[in-house]
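Turn these sequences into a full structure, and let the hints steer you where they fit.
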Amino acid sequence: MIDHTSPATPSPACEDSQGLRPWAQRRACCANLEPCIEVRDLVVRYGDKPALDRVTLTIPRGCITAVVGPSGCGKSSFLNTLNRLSDLTACCDVSGSVKFEGQEIVGTDLDLIALRRQVGMIFQKPNPFPLSIRENLTFPLQHHGMKKRADREAKMENMLRRVGLWNEVKDRLDAPALGLSGGQQQRLCLARALVLSPRVLLLDEPCSALDPLASAVVEDLIASLRGDYTVVIVTHNLAQARRIADHVAMFWLVDGAGTVVEHGSAANVFEAPANPITAAYIAGARG
Amino acid sequence: MAEKTTRVVSGGFLPPARRGTDWPDRIATVLMWAVALLITAVFVWIVGDLVLQGLPHLSWEYLSAGPEDAGRGGGIAPILVSTLLILAVCMAVSIPLGLGTAVLLSEFGRRNQFFGRLVRYSLDVLAGVPSIVFGLFGNAFFSITLGMGFSILSGGLTLSCMVLPLLIRSTESALRAVPDDYRRAAAALGLPVFTALWRILLPAATPGLIAGLVLGIGRALAETAALLFTSGYVDRMPGSLLDSGRALSIHIYDLAMNVPGGESNAYASAVVLIGLLLVINALTFRAADRWLHQGITPV
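Those protein sequence lines, which keep their order, are chains A and B. With numbering that gives the first Met the number 0, the residue at position 286 of the first sequence is 285, and numbering never jumps. With numbering that gives the first Met the number 0, the residue at position 104 of the second sequence is 103, and numbering never jumps.
Read the hints as simulated data drawn from the structure, not as lab findings. Check the hints yourself; a few may be wrong.
[What the hints assert, rightly or not] So these bits of chain B aren't anywhere near chain A, every CB distance computed over 10 Å:
id: 1; residue: PRO14
id: 2; residue: GLY19
id: 3; residue: THR20
id: 4; residue: VAL29
id: 5; residue: TRP32
id: 6; residue: ARG116
id: 7; residue: VAL124
id: 8; residue: ARG183
id: 9; residue: LEU190
id: 10; residue: ILE209
id: 11; residue: LEU241
id: 12; residue: TYR252
id: 13; residue: ALA286
[Said to hold, decoys possible] Computed cross-link-like contacts, EDC-like style, restricted to lysine to aspartate or glutamate with a CA-CA straight-line distance of at most 20 Å:
id: 14; chain 1: A; residue 1: LYS124; chain 2: B; residue 2: ASP179
id: 15; chain 1: A; residue 1: LYS124; chain 2: B; residue 2: ASP180
id: 16; chain 1: A; residue 1: LYS124; chain 2: A; residue 2: GLU204
id: 17; chain 1: A; residue 1: LYS146; chain 2: A; residue 2: GLU156
None of the values given here were measured: they were computed from a predicted structure. C-beta: ideal position from N, C-alpha, C; glycine also.
The structure is reproduced here in structure tokens:
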């Protein structure tokens, strides 16, 4: 059955959900919060090829954590282990420890369906189902045990409003979702993930397939999730990470496998990076 | 006119269109049109010949009466019934089996590459086996070993052995052509594989599924050799699935080859067979479309 309560009560400091806020305010929002996901010595291999080597990282609850780094350094592989989507890849071997709210999810025989309801995911390319706009949101709800149609419809409207899509689609809810523009599709996917009331949202470069305007809309939306959800976003766009992230994890390829070379609050990583690789990467991207 | 205009306009830094350099394109265009017209012509020729020669003999009596004088007179009612029964047995067995195997191969077979390759190779070999061999196998296994004798049941089962490779391979490739994005999206939403399959993947694969089904039905309806040894020759109205029944294709073969003076009725039967094929295909398109596009939310 669905737990219809909100996953986390937003702290007062987070209620103003505008994306662009000073570091200090963001830190206040995400200071002293317990860890939501704790990753220790995570190793991911595809057959003989290592993808991630001994990644250790703590993801604080209710904050936006940006995972940055060059292409091919295992950022997406990392994200896929957090909801065990890595299980879909035949030769993917994951070891180490990932604790979600204290519970170990790597190598354990747990209910993946329950895990994935708690840990939603948005992909790089918008991937709404080839169904109507309405069905894209009501079908997962129906499957997860929301029996009453009126409840599903209410929840759908609620989420479409939350992602700012309601006014754009309310007159054509039964039209195919694939007829929406790229930005609208991505917002629909976000609504589809949010409609199941997850605690965590994993975003795999959610804006990289969108034009700048649509990207800005989605980015503001992600910023507005702060406090309500624990957000982990993989992004190539350092400016974006700087705008929305509370915490930043810098991935880098070391000896052929990706690992975290630096992580901490966004202010620290961007303004005073401790690791020379991070400093060079940020400076390079800036220049 | 157009060329002249172009020549006047291209006085700038771009050179004028060069003449005589596009002949490979022109030849290719002519060839493609020729091939397309040739194929259409062959189809029109066959159907036209059939209709011209067969239509005068077609009547309601022809469809509703039993054959007389070894098929020279009378109609084809029992033969139509047998044909439809054989097809029904064949499809009732091969659609669920085919769908299940295709799903196994495309969705669950990825982890066991060796098993998948073995099954696919076997299917490809089976698809190339001559139908007379299927007939002999059906006779030996269904008719004799399983004791079904010459019956509609053993004919339908033999046909399903023939149709299955076709159905499985086309369904599998249709499922594989569905973007992985849908699978990942469904998994990330915590939807079980079967829910995703039933509600998302199979509907998305509809066009491919229908194409496979139509090919399978066509092959089953057209089959003669495999039925000679399994469903038999008897042109009485079948009383049950265990009765022998003569399929339309066998009737046409018999009239054309073994019955002097049966040619005109062979033509008429062939028109009925083609008509039946068209009608069943149209119905398949509609039924599959409706089944697979059923509303997710009950209205």
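For each hint, the structure was consulted:
With a minimum CB-CB distance of about 37 Å to chain A, PRO14/B clears the 10 Å threshold, and the non-interface call stands. With a closest Cβ-Cβ approach of about 44 Å to chain A, GLY19/B is found to remain outside the 10 Å limit, as its non-interface label requires. At roughly 39 Å, the least C-beta separation between THR20/B and chain A is larger than 10 Å, which holds for a residue marked as non-interface. At roughly 38 Å from the closest C-beta of chain A, the C-beta of VAL29/B stays outside 10 Å, upholding its exclusion from the interface.
Every C-beta of chain A lies more than 10 Å from that of TRP32/B, the closest at about 34 Å, which supports listing it as non-interface. Against chain A, the non-interface label of ARG116/B holds: every CB pair exceeds 10 Å, the least being about 14 Å. Against chain A, the non-interface label of VAL124/B holds: every CB pair exceeds 10 Å, the least being about 26 Å. For ARG183/B, the non-interface assignment is contradicted: its Cβ lies about 7 Å from the closest Cβ of chain A, within the 10 Å cut-off.
Not every C-beta of chain A lies more than 10 Å from that of LEU190/B, the closest at about 6 Å, which undercuts listing it as non-interface. Listed as outside the interface, ILE209/B is consistent with that label: its C-beta sits roughly 16 Å from the nearest C-beta of chain A, beyond the 10 Å cut-off. For LEU241/B, the non-interface assignment is confirmed: its Cβ lies about 44 Å from the closest Cβ of chain A, beyond the 10 Å cut-off. Every C-beta of chain A lies more than 10 Å from that of TYR252/B, the closest at about 45 Å, which supports listing it as non-interface.
With a minimum CB-CB distance of about 20 Å to chain A, ALA286/B clears the 10 Å threshold, and the non-interface call stands. Pair hint LYS124/A plus ASP179/B holds up; C-alpha atoms about 11 Å apart against a cutoff of 20 Å. Simply put, LYS124/A and ASP180/B have alpha-carbon atoms about 8 Å apart, close enough for the 20 Å limit, and the pair holds. Between LYS124/A and GLU204/A, the direct Cα distance comes to roughly 8 Å. Compliance with the 20 Å bound is thereby established for this hinted pair.
Distance hint between LYS146/A and GLU156/A is fulfilled; the C-alpha atoms sit about 17 Å from each other, no more than 20 Å.
Consistency with the previously given hints fails for numbers 8 and 9, ordered from lowest to highest.
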